[in-house]
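Construct all of the structure, not just a fragment, from the sequences and the given hints.
Listed below are the residues making up each chain.
Number of protein chains: 2
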Amino acid sequence: MPASPIRKLVPYAEQAKLKGISVYHLNIGQPDIETPAMILDAVRNAEFKVLEYSHSAGNESYRRKLVTYYEKVGIHLDHNQIIITTGGSEAIQFGFLACLDPGDEVIIPEPFYANYNGFAVAAGVIVKPITSSIDTGFALPNLSEFEKLITPRTKAIVICNPNNPTGYLYSREEMETLKEIVLRHNLYLFSDEAYREFCYGGRHISAMELEGTEENVILMDTISKRYSACGGRIGAFITRNKTVLATALKFAQARLSPPSYAQILGEAAIDLPDNYFDETRAEYLSRRDVLVKRLNAMEGVFCPNPGGAFYAIARLPIDDADQFCQWLLESFSYKAHTVMLAPATGFYGSPGLGKNEVRLAYVLNKTDLNNAMDCLEEALKQYPGRTL
Amino acid sequence: MPASPIRKLVPYAEQAKLKGISVYHLNIGQPDIETPAMILDAVRNAEFKVLEYSHSAGNESYRRKLVTYYEKVGIHLDHNQIIITTGGSEAIQFGFLACLDPGDEVIIPEPFYANYNGFAVAAGVIVKPITSSIDTGFALPNLSEFEKLITPRTKAIVICNPNNPTGYLYSREEMETLKEIVLRHNLYLFSDEAYREFCYGGRHISAMELEGTEENVILMDTISKRYSACGGRIGAFITRNKTVLATALKFAQARLSPPSYAQILGEAAIDLPDNYFDETRAEYLSRRDVLVKRLNAMEGVFCPNPGGAFYAIARLPIDDADQFCQWLLESFSYKAHTVMLAPATGFYGSPGLGKNEVRLAYVLNKTDLNNAMDCLEEALKQYPGRTL
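Keeping their order, the protein sequence lines are chains W and U. Following this note's numbering from start to finish, the first sequence increments by one per residue and tops out at 388. Following this note's numbering from start to finish, the second sequence increments by one per residue and tops out at 388.
Some hints could be false.
You can't tell identical chains apart in this list, so a pair holds if it fits in one copy or across any two.
Result set (DSBU-like, lysine-lysine): computed pairs, CA atoms no more than 35 Å apart in a straight line [claimed, not checked]:
1) Lys49 - Lys179
2) Lys148 - Lys49
3) Lys155 - Lys128
4) Lys250 - Lys128
5) Lys242 - Lys65
6) Lys179 - Lys65
7) Lys8 - Lys250
8) Lys49 - Lys65
9) Lys8 - Lys155
10) Lys49 - Lys335
Bear in mind the hints are in silico, worked out from the structure with no lab data behind them.
Listed below in structure tokens is the structure:
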């Protein structure tokens, strides 16, 4: 079981803080955007005497309400096609457990959300990475590259759209390519759409919109980023494939129920005004612009412009991203501050890739983000392993 | 993946309710005891702007406070030996994933909590049941019986104490036997102590108290039953074995964090007055007495007197417990009521066992419990598959 690349540097950050150094956390997708007061109040005002188990698939009232949310984003569902999960994490776990046997293979464009690895290990599933390159802004590899990796044990393709860690937003053409592959080879398409609301420019194309893939597509969703409600641990496992749903429900029953409190919060969130996301999206967009501009202005740094989510991957003029990120916490400070980044190595399945790349989550306000970029710019001048 | 024996009859119960029949739920361990208002208020009054991820191991303040709880029940811990989990369910999952490889074997006295099976399937682990008999009140099988089952692939013994589904409370001698076996054969001892507070008569002996087993024992715990807080989904994975802790923490990091809301609730619960459990325990004890007396007074029924938890297994004069429990919901009512029970077959790993046994959870007040017993008594007269 590999350690989380996002969390493994935490002890170094704790040490830095003990030394009185403030740490700008660009390492983890914990948004600073306030959770809407209305949905926090819904939990506060909920009246019950016993904090009971919910239905294993989640409260029916919540699932029915979620149908209206998905309707608004162009996904037509029945509430019975939704299983509420403990975060998006559990939705991914259910997908691996319900659709795959130990020894089966899944293809995942790399760099990818590192915890897919953890869930694959837990399910005994083998991850076959397919490399997307920073030079193309992390576009989907083409069909023939996928087909080179497909074996009789290949059972699924996993995408995250818009992507964590790259911020890449898949185009209509790319989604159609994925449809062609999964139909031709009878594969599942696991689509993690945690960042659906955060697209800048292009329209988000959900895998659930791909006609003719009803038996193939599993949507893994979460309210964590959408409403800045990461601690709630509420997500959803969604599919129109009845057999997969029935199997996933057995895993859901084994763990009894998803958390009750945050289901109340999630249900209340459906009543947020339609323009709720406009403000949040505008904020993330302006942060992205600051981040990408600042990064590309640094000598030897390249950062493609991400189309969604709140992550970017940058290539830095450094020898080793893991060492650099640790050095930032252990040995560096600038005006009593430092910055915490996620080494990109942990997001690649192929050994040796990403050694001069880092992931940055733009989850801080623009002032802090600019200050963090000042830190990084200075650090790149001082770092002993710089390659410029 | 097997369906949950506790939840698989739910659709029949829903149908019964649509027909206007009230269902006494003795099928699931959802206590009717009110969650203490003080701890619900702690959540209501918590002040924060962002519902953030917590530490993957849970909030440090909560873990430190839990140390004082365990101290009171005679378990001496450091907060770093505790990982907060999403319910006891996740603690069990972490145990299977962190300690066992696919193909490894665990020995579990049967009947056992059915979801152990689900978590074993998910981890690729093989369950070897060792039969405890209703005729001895479900006492621990003796040492030689265990040794007959031990192979080079045996890695752990799983116990639940006091037991779900039997209510059996292991004696000091039985715990010492388990210690002898795990030390002699270098096995893990997974001890699920969800019902620690609910012991009637004998003192609860935690596996954590067994000297010399620091490397062997993993405690799986939960606040669900203790504080009637099942929907919170907060438990704990506890061990003094550093390697196991480090591995479990990686699985904890992969799923990011346990639910934030119920951690607040769990932390507040440590401040409940020391006599909080006295009242709850007295209530369960008086219910147990009603249940066991009523059952044993029915013709052809035998129910051993359970020493803890809030479950009992009864032997009924019926042909098939699964059919009987379904029939109760589909075809029977008495004064517009029926009763929902869990067929014991789902709690046995050995095929064919438990066919004339059911599990009853005494989670209703004594009036309802008596009414439910009236239903059952009448049902046993009417059931076409009765064997008397």
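inquiry  = Hint by hint, where does the structure go against what was stated? Just the numbers, ascending.
reply    = 1 and 2
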